[in-house]
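Take these sequences, add in the hints, and give me the full structure.
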Amino acid sequence: MEEILTITNLTKSYGSKEILKGIDLHVSRGEIIGYIGPNGAGKSTTVKIILGIEGEYGGEIKLFGENIGQDRVDYKRRIGYVPEIADVYDNLTGYEYLTFIGQLYGLELEIAADKSKTLMELFGVGEAYHARISSYSKGMRQKLLIIASLIHNPDLLFLDEPINGLDANSVMIFKEILTQLAAQGKTIFYSSHIMDVVEKISSRIILLYDGKIAADGTFAELQAENTEGTLEKIFNQLTGFHDHKEIGEKFVSIVQEVR
Amino acid sequence: MTDFKTLQLLDKFRIVFVKMGIDYEMMRKILHIKLTMDERKVPTLFNQARKKDDQKYGYIKSLWIYTLFGLVLIPFMGFGQNFLFQMSISFAMIIFLIMTSLISDFSSVLLDVRDRSILSTKPIAARTINAAKFMHIFIYLTYLTIALTAIPLLVGLFNQGIAFFILTVLELILINLFIVALTAILYIVILRFFDGEKLKDVINYVQIGLSLMLMIGYQVLIRSFEFVNFDMVVAFHWWSIFLIPMWFAAPYELLLNGDKSLFTVLYCIFAIVIPLLSIWLYVKLIPTFERNLQKLLNTSKSKKEKNNRLRALLLKIICRTNEERAFYRFASLMMKQEREFKLKVYPSLGFSFIIPFIFMFTFSRHEDVDYSVSMGYLNIYFSMLIIPSAVLMLGHSEKYKAAWIYKVFPLKDYTELKKGSLKAFLIKLYIPLYIFLSIIFCFIYGTRIIPDLLTVLVASCIYTVICYISIGSKIPFTKPYNEIGDAQGWKALLLFIPLGMLAGLHFLIAQIFFGSIIYLIALIIMNYILWKLVFKRTQ
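Respectively, the protein sequence lines represent chains A and B.
Here the first sequence is numbered in the numbering used here, starting from 1 and rising by one per residue.
Here the second sequence is numbered in the numbering used here, starting from 1 and rising by one per residue.
Hints are not guaranteed to be accurate.
[Claimed, not checked] Reference excerpt, derived from the structure (chain A facing chain B, CB under 8 Å, subset only):
id : residue
1  : 52
2  : 53
3  : 57
4  : 73
5  : 74
6  : 87
7  : 91
8  : 92
9  : 101
10 : 103
11 : 105
12 : 106
13 : 132
14 : 135
By construction, these hints were calculated from the structure, which means they are not laboratory data.
The structure presented is a predicted model; accordingly, all values stated were derived computationally and were not measured.
Just so it is clear, CB atoms sit at the ideal spot from N, CA and C, and this is done for glycine as well.
Okay, here's the thing in C-alpha cells:
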C-alpha cells in the first residue's frame, strides 16, 4: 500500500507547555482513521501542523512521500479540511464563498460554481445556495464546510467533528460519502468525541493521550488488547478514567441542593 | 460587578413598576446584566481608534459630542420669543439626533434575539422582560437627551423662565417615548415585509447616513450661522400638520404667547396624544414584533447571481491570473456586503464626494471665477482622501477569524491576493466616485479638462500603491478592526503629503503648454513600473 502520511517523532510546545511529546505515525492510502483522545490531548494541534497553520514543530512530517518543509505549499492542493470551530466570511452567500474557495484551489469559476451548486443540492441545501451564510442553520453551515473541504477533490481529508449539527438522514448520506471516498483511495482522518460513530466508520483507530499515541489499531485489535467491550469503555480505560460514577453522583447531589 | 447609580435612582420609582404588575426585582437584575454588558462595548460613532481597556463608562464618555451639538441649540432655545420657528428647529434637530442614535446604537437592543432563548425560557413574565427592554433603551435615551439639551435648557431657564423650562422637560419626555415607539413600529413594518438581512441592511444604511450627516453637518454648521434669520415667521399651512417638530413647538405659542388659534390648539393636542397613542400601539404590537423577530434568525431568501459576459471579459483583462481574479471577486463582495466595512468606509466615501465642492466654493466665494480657464478642477484631488483609510481598512474584517482558510490553501505568497483586492477597491469604490465627479466637473469647467482628469485617474492608482506600501502590506480581511491603532491613524494622516505632492506637481506642470499630457504620460509609465515592482512574485 502506498504510504500517504508519515510522521516521525513529532513534538510541539507552547512556551514551556509540551503539547505533543513525540508522535510516530504511518498512514496508507484508503484508510479511514478514527483520531480520538480527551480534550487537550493534541489532536487538533497535529492536524494544524500538517496543514501548516501551526509552525515551529520538532520532528518530521512526510506527505505523499515528500517532506513538508518551510516553503512547500503545493501539497495543500491535495488536502481538504473541516475544522471543529470554523469561522467563515459569513456575510457572503454560499455560492460566493464556495466559488471563492474553489478558485483559490485552482478551479475555474464556472466549474467551481457548477460543482458547488450540485453538491449543495445533493446535500438538500440547494435553496440556500444564494443566501447569506450568516442566516444558515448550524447543520447548513456544517454542510457548507464539508462541501468547501471537498470541492477540489483532495486525496487526504481532515475532518474534525464533521457531523456536528447534521440531522440523522444527512449523517447517513455523509457516512456513505466517506465510505465511497475511501473506496476511491482517499485517506480520511476523522476526529470526534462521539465514540460509537468512530467505532463504526473507522478502519483504524488512533488514540492520543497526553501528547503521545496511547493506542493504534483496528477496533478488533483494540478490543483484543483491552478487557473492555465498546470503544467508549476502551477510551475510559486507556485514559485512566474511572470516576464517572462518583462525579455524576456528586453532581446530581449538588443540583438537588437548590431547594 | 458594581451596582449602577442609574439603577439606584430607578429604585426610587419602584412603586410605579410594581403598580403596573412588573416584577421589579427581576427587571432590575436583567437591567443590571445589560448595563454591565454595555459597558464593554463602544458606540458606532467612536469605534475608530479606541483602546480595548479604556471602556468603562465608554458610552457616557462618548456623549460629549452630543453636548457639543447641543450648543447649537442655545440660540434657538435660549433667546427670542418666536417660539413656533425656534422650537420647531430645535425639536427637529433633537428628534433627528436621538432617532439616528437610537437606530445605530440601540437597534441591537430592540432586535436582540438572544433575549428569546435566554430570558424567555426562564420563568419570567413577558411583561417584565418587555419592561426591562424598554427601560434599557429609555435609560440611554435619558443620558443622551440630558447630554444634548442640558446646557440649552439651563440657558432657557435663566432667559425664558421656569414655565419654559418645565414645559420643555415634559415635552422631551414625550418626544423620547414617541421616538422609541416610532422606531419600533418602523421595525415592525420592515420585518412584516422583509426578512432579517434586509432589516440589518436598513440599519446599516441609517448608520452610514448618520456618520455622513455628522461629517457634513460639521462643515456646514460652521458656515451656517450667517444664513440664520431669527425674524422668520412661520405660518400654519394644512400640510404643516405632518411636520412633527411643529406639534411640539405649538404649546409654547399657546402657553407663553397666548396664541389660541385653531392650529395651535390642534398641534398641542397632537403633541400630547400622538406620543401616548404610539406607545399604546407599540405595547399592543409587541407580541407581533416578538414573533417577527424570529425572522432575524431565519434563512434569508435566495437571490440569483447575474452572469455578465462583458464583465467576465473585462475582469480577465484587469486580473491576469485565476488567483487574482478570485480575490478580486472576493474583495468586491466583502466591500459590498460586510456591514462593518461599509460603516467605516462608506461615510468617508460620501464625504470624499462632497469635499471637492466644499473647497471649490470656499475658495471661490469672494471672487468671480472664470470657469473656462480656472484650475479649480484640481479640487478633485481631495476625493482621494478616501484612499488611505480605505486601503487601511482592507486589511481588516469583522470576520477576521475566517482567515484560517488562507493557510489551508496551496498559495506560495499572497501578492496576487493583495493586488486583486486593491484593484477591486479602485474599480468598485474609487472609480465610480471619480467618474461621477468627473462628469460634474466637465459640466462646470468644460471638456478641455479631460486630459487632466485622466491624469488624476492614473495618479489615484499610484497613490493607492503608495498608501498600500506605507501602511504595511497585510493580507486582506485578516485583522480585527480594533487592532487599528493611533499609529495607523497618524500614518493615514501623513499620507496626505504624497497626495499634496501629486496635486502640486500637476498644478505646476499644467502651467506649461501640453504640460498635462506630458505629466499624464509620465505618470502612466511610473504607474506601470510601480505596480510591477511592488507586486513582484517573491520567488
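Now for the hints, and whether the structure bears them out:
1. 52: Interface hint status for residue 52 of chain A: holds (6 Å vs cutoff 8 Å).
2. 53: 5 Å, holds
3. 57: 15 Å, violated
4. 73: Status holds, d = 5 Å.
5. 74: 6 Å, holds
6. 87: 4 Å, holds
7. 91: OK, holds: residue 91 of chain A within 8 Å of chain B, min 5 Å.
8. 92: 6 Å, holds
9. 101: This interface hint holds because 7 Å falls under the 8 Å limit.
10. 103: OK, holds: residue 103 of chain A within 8 Å of chain B, min 3 Å.
11. 105: Given a least distance of 7 Å, the restraint on residue 105 of chain A holds.
12. 106: Interface hint status for residue 106 of chain A: holds (7 Å vs cutoff 8 Å).
13. 132: 6 Å, holds
14. 135: Since chain B brings a Cβ to about 4 Å from residue 135 of chain A, closer than 8 Å, the hint holds.
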